[in-house]
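Quick note, the sequences are listed as chains C and E, same order. Quick note: the first sequence uses numbering that gives the first Met the number 0, first residue 0, plus one each step. Quick note: the second sequence uses numbering that gives the first Met the number 0, first residue 0, plus one each step.
It is worth saying that the hints were derived from the structure and are not from the lab. Do not rely on the hints blindly, as some may be mistaken.
[As the list claims (entries may be wrong)] Here are the simulated PhoX-like cross-link-like pairs (lysine-lysine), alpha carbons at most 25 Å apart as the crow flies:
hint : chain 1 : residue 1 : chain 2 : residue 2
1    : C       : K79       : E       : K183
2    : E       : K183      : C       : K20
3    : E       : K183      : C       : K71
4    : E       : K106      : C       : K79
5    : E       : K106      : C       : K100
6    : C       : K97       : E       : K106
[As the list claims (entries may be wrong)] Example chain C residues on the side facing chain E (calculated, C-beta under 8 Å, incomplete):
hint : residue
7    : K36
8    : K44
9    : G45
10   : C48
11   : L53
12   : D104
13   : A105
14   : G106
15   : G118
16   : K119
17   : L120
For glycine and all other residues, C-beta sits at the position ideal for the given N, C-alpha and C.
Residue strings, one per chain:
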Amino acid sequence: MFLLSFGPASSHGADGDPDVKQEVRNLAAEKKLKESKDISLLYVKGLVCPSCALGIRIKVGKLPFVDSARYKRGVDMDSKAQLLTVALLPGAKPDNEKMIKAITDAGYEPAEWYSLEKGKLKAHPFAVAKKSK
Amino acid sequence: MLVLLGDEPVMNMMPRWDNGWGLQLIDEYRHEKDLLLDDRTAYSGFTEDVHLLHFQGVYTWDRSIRLTYKLPYVLDARREMPDGRGGKRVEHDNGIGDATLALPLKKYFNLDGRSGSWMFKPMLRIPLAGNDDYEIYDNEWGGGLGLGYEFEMSRFAFTSSVGFWAFDGEDPSEIHLTLDLGYKIEPFGTNSTLYWETDFHYEDDGSETLLSGPAIYWNFNDITHMRLEWKHDFYDKQGKLDHGNGDRILLSLGLVF
Chain C
0 MFLLSFGPAS SHGADGDPDV KQEVRNLAAE KKLKESKDIS LLYVKGLVCP
50 SCALGIRIKV GKLPFVDSAR YKRGVDMDSK AQLLTVALLP GAKPDNEKMI
100 KAITDAGYEP AEWYSLEKGK LKAHPFAVAK KSK
Chain E
0 MLVLLGDEPV MNMMPRWDNG WGLQLIDEYR HEKDLLLDDR TAYSGFTEDV
50 HLLHFQGVYT WDRSIRLTYK LPYVLDARRE MPDGRGGKRV EHDNGIGDAT
100 LALPLKKYFN LDGRSGSWMF KPMLRIPLAG NDDYEIYDNE WGGGLGLGYE
150 FEMSRFAFTS SVGFWAFDGE DPSEIHLTLD LGYKIEPFGT NSTLYWETDF
200 HYEDDGSETL LSGPAIYWNF NDITHMRLEW KHDFYDKQGK LDHGNGDRIL
250 LSLGLVF
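Chain E with its partners taken away, still in its complex shape:
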């Protein structure tokens, strides 16, 4: 189960100015349709449904130094597991999840027709999750490092990043790779970008997931920004018995000041 979002508020790009701040609310829904072990379906039709809200924020003292926080809240999580007698056992989780603090350090560049940045990002995961039938967030401390490179032109946008996480409990270490390609459009006089996004996640228990899908970013005005994305698991392998073969939908509302 993937619980970490690699993107940073707000919409991974704002604010870009000194003394800026922003808030982002993400409504995430995931449906996993099978229970996997290694790259085979161990229990077909054993589903998992997860509905999360992510409360996120950012402050930039200087545009090259920003502090971000991410606080997830599990509205409802439900999964079906084998009960050992040939049937299904249903488990639930809800409540606050583990928070993530990050300090993205960016080096911006401005060229004739292209603008972008390099990014280095130390991250800290803070255990806040409670105990339920099962855990979407594992209530563990963790440390991570991220690197990123992105640029945009008047029509195209490109974002790439790599992140590494290690945890102090039983959770396996994780590596995340992202590649987003965007094309800008201007519907009804507003600003928008169509993306095709691809994420690859690796955990050192042997789990591997390749997700990909479209996204649309829409800038209504100077303050309000929205983003809708859908990703499908095109390749899923679980190092231990876990759910996979799923889809993920995220709707984001961001405000920047």
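The shape of chain C in the complex, shown without the other chains:
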């Protein structure tokens, strides 16, 4: 089945072989944000397996606003929805530029981050997500 998925890389939103539709990812993101405090929640392209989170943990876990005592080095992931949860220190605000650089250095492509506004999910696409090397 997946042998048929050969082809050049593309950066469009619905590229690849999504395991979940965007609506399903949105539902998972909304649930996560409602259940958890002091987190940053991101959709990261390519984050498809638990082992993929190794580099993310190494790079993101070192950021000054990350609470590395929570989850695994401050990082949790949903590989089906490609959602990355980053634990934040109480009261800390995430620095998106540093977050983008850390995720990109780890080998993946941050696409957008999520917030709740009046109980509804809002997606914030990253303006400049560096392409994979």
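Go by the hints and put chain E onto chain C.
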């Protein structure tokens, strides 16, 4: 006799991040049960047993540029050859083997539900082996090129590669093809992948070997990774009198930082 491992440390996939490094130790055991010439068994029951340790390492300046080394050590190799009088002559080899340096250059891609890379890999073989009754490693300089394509999804993994080697001595040129299909599982809350792997080797003296078998990769924690694989020679043809019809077992321990 196959002496080249196409996979790169660590476990062919890590580290994927900038300024990462890793070490891998592979314990390899091979048993070949016959002495072949062309595609027929010339001497049935003339065996060869080889026990190797492979010391390997990798460093990534940038995740797309990595340097890898592989240094094999022959713990013990023993083969049975015809003595010309109707009996067997037993020969041995041990000690350091020929090293391989490689510079895998990777172009990664990240998609919605799929991540992978294209790879181009120049390789250099450095003669370090000594002289014994016979040689697992032939103490020859060699140059090689490899191409690869791989991707993974949340459940599936796919790896393919082709490699070409030429040597400055008597060793024939070689072509290697690999195709690995993987299915991911999560036993006891850990990460694991079950593979079915197939390798085809061709040497320009007419030797051809098709090996295939299962493998399991197990990721205990962020640092420690293990892999166990078994491959059987499903098709074996030797251009000159050499051992074949065998099995190969490899146990790998990898550490990444």
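Against the structure, the hints come out as follows:
| no. | hint | result |
| --- | --- | --- |
| 1 | C:K79 with E:K183 | holds, 12 Å |
| 2 | E:K183 with C:K20 | holds, 21 Å |
| 3 | E:K183 with C:K71 | holds, 20 Å |
| 4 | E:K106 with C:K79 | holds, 23 Å |
| 5 | E:K106 with C:K100 | holds, 18 Å |
| 6 | C:K97 with E:K106 | holds, 23 Å |
| 7 | K36 | violated, 24 Å |
| 8 | K44 | holds, 4 Å |
| 9 | G45 | holds, 3 Å |
| 10 | C48 | holds, 6 Å |
| 11 | L53 | holds, 5 Å |
| 12 | D104 | holds, 5 Å |
| 13 | A105 | holds, 5 Å |
| 14 | G106 | holds, 4 Å |
| 15 | G118 | violated, 26 Å |
| 16 | K119 | violated, 23 Å |
| 17 | L120 | violated, 18 Å |
Of the hints listed earlier, those the structure fails to meet are numbers 7, 15, 16, 17, in rising order.
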